[in-house]
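First to last, the sequence lines map onto chains A and B. Using the working numbering, you'd call the opening residue of the first sequence number 1 and step up by one each time. Using the working numbering, you'd call the opening residue of the second sequence number 1 and step up by one each time.
Since the hints were made in silico from the structure, they are not lab data. Note that the Cβ used here is the ideal one computed from N, Cα and C, for glycine as well. Mixed in with the good hints there might be a few duds.
Think about it this way: if two alpha-carbon atoms lie no more than 30 angstroms apart in a straight line, the pair counts; the simulated DSBU-like pairs of lysine-lysine are [unchecked claim]:
1. Lys568(A) <-> Lys200(B)
2. Lys391(A) <-> Lys217(B)
3. Lys132(B) <-> Lys16(A)
4. Lys383(A) <-> Lys280(A)
5. Lys570(A) <-> Lys132(B)
6. Lys66(B) <-> Lys16(A)
Computed spacing ranges between beta-carbons, pair by pair [what the hints assert, rightly or not]:
7. Thr623(A) <-> His179(B): 47 to 53 angstroms
8. Glu563(A) <-> Gly52(B): 53 to 59 angstroms
9. Arg8(A) <-> Lys209(B): 21 to 27 angstroms
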Amino acid sequence: MPSWPEKREYIGSHAKRIDAPAKVTGAAKYASDVQPEGWLYGMIYRSKWPKAKIVKIDLEKAKAVPGIKAAVFAPRFDQPDQTSRYYGEELAGVAGTTKQGCLDALRVIQVEVKEMPFVVREEDAKEDTSPRVWDDQPNLSKPRLKENGEFDKAFSECDAVVEGFYTTPVQLHHPLESHGNTISAGGEEITAWASTQHVVGVRSDLAGHLNVPQSKVHAICEFMGGGFGSKFGLGAEGGIAARLSQEAKAPVKLMLTRFDEALAVGNRPSSFQKIKLGAKSDGKLHAFELDSYGTAGYGSGGASGGGSASPDFPAPYIYKVPNTRVKQSTVVVNAGVARAFRAPGHPTASFGMESIMDEMAVKLNMDPVELRIKNDPSEVRRKEYALGAEKFGWKQKYKAPGSSSGPIKTGVGCAGATWGGGGRGTKAEAQVNPDGSFEIRCCTQDLGTGSKTVIALIAADLLGIKPEQITVKVGDTHYPPSGGSGGSTTTASVAPAIYDVCTKALAELQKQSGVEDARGDKWAGACKKLGLTPITVNGQWQEGLSSSGAGGVQFAEVEVDTETGFTKVKKITCVQDGGLIVSKLTCESQVNGGILMGIGYALYEERVMDKTSGVVLNPNFETYKLLGLSDAPEIEVVFLDMPERGVIGIGEPVTIPTAAAVANAVANALGVRVNSLPITPQRVLDAIGKLKNIVPAAAA
Amino acid sequence: MSESKPKDNFSVSRRFFLKSFGTSAAVAATVQVEAVAAELEKANSEKVYGPGTVPITLQVNGKPLKLNVEPRVTLLEALRNHSNLTGAKEVCDRGTCGACTVLLDDKPVYSCSKLAIDSQGSKITTVEGLAKDGKLTPVQQAFIDQDALMCGFCTPGFIMSVTALLKQNPRPTADQVKHACSGNLCRCGTYPRVLQAAMKAAGAPVANKTEVISYAKLA
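Here chain A stands alone, though its shape is the one from the complex (with noise of 0.2 angstroms):
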C-alpha cells in the first residue's frame, strides 16, 4: 500500500500559489480572453415572456445587420410551437465583427409568440388554482417520505419540543468570470476555450452537440473565473457558441452577460421547511419531524443542461434522532433551472436544524454548545466543538438571548458540518527532461482552488526538488484524463495520481540513470545521464492516499443595530478536519472563501421574482448583494491534522454553517429568532415588531 512520505517539506507548508504570478500580471488567458484568428463576438437571444408558445422566431432582419456572420436557433427553437418555460431560456444566437453588431441584432429579431399564464413564486405556484408549469402535472411534487423508529408516539415521549418555519432563498452562483466558451468549429478540427469545472465532460458534450467523433474534439480551460458547482458540462451557451461557429466558419466567443447569469445558468434550490424536534430532559434528541418544499426551478432538480439539483437536503441533518419522519417535495415555477452549488443541500439543512435545535437550547435552558456535545454522532465533531469554544472564548461570550444592553445587540451562535468529500479515477503523466526539469500533464482543472499548485509540491516533496522546477498543465483534453472538479474531490483524485507518476518517474529515471537514489542534490546529474531522450511514465490513482468524510464546527459573533436592522458578522472561528493538507496557502483560501460566501447567504443573497411580470428583479450587482471587503470578519482558522486519513478535500465543508451559525448569533443577539435568510435590515426590524406600523408583515 503506498503511503505519503513521513518528511514533507512543501507537502503542508505555505508554499505560494504557482500560477499567481500569471493572475498578478493579467498574462492568465482565460477562455474570455483567448483571441483565436478571425474571433467573432456572439451572443444570446433571450425568452423575454415567463412561459409562452414560441410560434416563429425570424432571424433574417438580423443576418442583415452589418457584421453580423451568422445567427443560428438555440436546439428545440428551430422547430415551431416550442413553449419557453421562463424568462431568459435561450432562444436563439447570433455571431459578429464587434459586440455593437451583435446587440443591433438582437434589437432587431422578431418572434410571434402566444403568451401563456405562468406562476414564479413558491408559495403561489404549490397552490392548486395556480398556472401549471408542465400540463401534464401538478407544480407540487408529492411528498418523499422517509420514517425511522416510532414516530407515532415519539413526541409524547418527549420532555421539550420545539416547532419553527424557516426559509432560505434561490442563491445565485454568480461567478465572477461568467458562463461561456471560444469555440472555433468551422474546421475539420473543434477547439472549445471553456470556462468549465470539467474540461473532459465538455469535449464530450461538444462531440455529441456537434455528431462528431471526441477524437476530432479538443477542450481547454487553462485558466477559469470561478464556477461553485454552475459549470459542469457544455451548457445551452456552449452549442450556440459551436452552431454559431459552424455557420460562421470562424471562432466564436460566447460569454454570458451579468444579466444572463442570473437568468439561466443555475442556482441553488429555496427552501420552505417546517420542523418540530423533541427531546429528553436531559437533552438527548428523540424525535424530529420535518415537512419541507422548495423550488429547482422549472425542472425537478433532475439532470439539465449542465448539472443537477435537487430541493431535497439530508435531515435531521448531521444529528442522529431515534424516531424521525422526513417529508419532502419539490415546486416547479417558471424560473431557470437549479445546478449544484457549493455543498448542495448542506447549507440549506444547516440553517434549519440548528435553528431548531438554539431554539431547543433555550427551551431547555442549556448552552447550545453542550446540547450540541451531547447529541453529536461525531468524535470529531464533538472534539472541534470543544477546541473551538475554547478558541473563541464561548464561555465568556455567550449570554442568554437577547440580554446585551443598549440599541446595538451582540450575540454568538454556533453550527456544524459533515461532507463527503474524497475521489478517484484520475490519470497523468510525467515527463523527465535531461536537463533536470519536470512536467506533469493531468486534465484536471484549476478553478482557482490551487490543483496547479498541490500537484507542484506533491512532485517537489516525492522528488526531492523544487516547486519551481516543476511544470504543471492542466485543462487540456490531450492530457490524461480526470474527473470534473465537483464534490470537493479534486485533491484526492489527483494527489494520489501524482504520487503514482512521480514514484515511477523516480525510479526510471534511477533505473536508466544508474543513480541509486536520484532526489534532491543527485536529481540533475541523473537527468543528465538521460542523454538526448527524455523520460515520460503515466500513472493514476491508487488506493490508500486519500479518503473522504470532513468534519467542521463554526463559531459566530455578530452585532445587530436594533435602530437600522443592520447585522455586522464580527468573527468567525472555523475548527476542521481535512485529512492531510498539502497546500496550507490555498486551503486557508478556500476556508476564507467558504466563510464569506456563507455570510452572503446568511445576510445579503436572494434572488427576486416578481409576481406580477415573472422577471428577476435583482439580475445585477447593484440589486443582488455580495459581500465587499467591509463587511469581512475577522476569521480564525484551526486545522486538525489528521495526516493518516489522506488527502480528503475542503472546499464545500467550510461554507455548510456558516448561514447557521450567523442566523443563531443573531437570535442570541436579539432574543427572537430570523426565521428567513438572508436577514435583512427589514427582516430583523420586523423580527423585534419595529416595522409595524410602517410596512404590512407580508411585505417583510
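Once you have looked at the hints, place chain B on chain A.
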C-alpha cells in the same frame, strides 16, 4: 472610485456656464436662452463622430495604441476586444464590480463605464503595464505572498485599486484600504488576504492566525 476629468468641451463649458450665470435668476432667465443657443451652435459645429468607426489613439502602458472603433465602444472593449490587453476583465459591464479597473492618469477608473474615444489624451495603465522588465511591483508581489487571489478574475481590478491607493497614500490604514477597495467585488472570498496584501505592500507587518493542531494529541 474617482472619476477622471471630463475631456470633451461640451461638459466643461456647461459647467462654466452654470457657474457664471447661476448667481442671478433674473438675468439668467433671458441670458440663459441665448447662452444655451450659443452653446448648442458651438456643439453642433464640432465634428460629429460615428456611427461608423473612427480612428483613435490611446496611450496605454507608455505606448500609443492606434485603433479604429465605433464611438460607442468602451475603453474596456477597446483594450480587450480591439487589442490583446485582456488583463482588465469584463464581469458586470455596468460599473458595479471593479474587475475592469484601470488607471487613467494614475486614478482608478471603471473602464467599462468610460468610452474609448473619451480616453484619448490620458495616460492609461493596465495590469499588464505594472511590472517593468519582468520585475513585479510590491503590490503584485504582496498579492502572491499573501495568496490574495483564487480564481484570479477579480485580481487585476483589486491590484489596480490598491496600486492607485498607494500612489496617493503610501501608508494607508486598514480602513483606508477597505474604502479604496469598496468598488471591487470578489466571489471566491479573497478579501481578508487582499487587505493583508495591501498592508504588506505598504510596509505594515502582517500576521497569519491559522493554527494546525494534531488530532491525535487532542484529549
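Here is what the structure says about each hint:
1. Lys568(A) <-> Lys200(B): Between Lys568(A) and Lys200(B) the Cα gap is close to 26 angstroms, so the pair holds against 30 angstroms.
2. Lys391(A) <-> Lys217(B): holds (16 angstroms)
3. Lys132(B) <-> Lys16(A): holds (22 angstroms)
4. Lys383(A) <-> Lys280(A): Satisfied, since the Cα-Cα distance of roughly 23 angstroms is no more than 30 angstroms.
5. Lys570(A) <-> Lys132(B): violated (40 angstroms)
6. Lys66(B) <-> Lys16(A): violated (38 angstroms)
7. Thr623(A) <-> His179(B): 47 to 53 angstroms: violated (22 angstroms)
8. Glu563(A) <-> Gly52(B): 53 to 59 angstroms: holds (57 angstroms)
9. Arg8(A) <-> Lys209(B): 21 to 27 angstroms: holds (22 angstroms)
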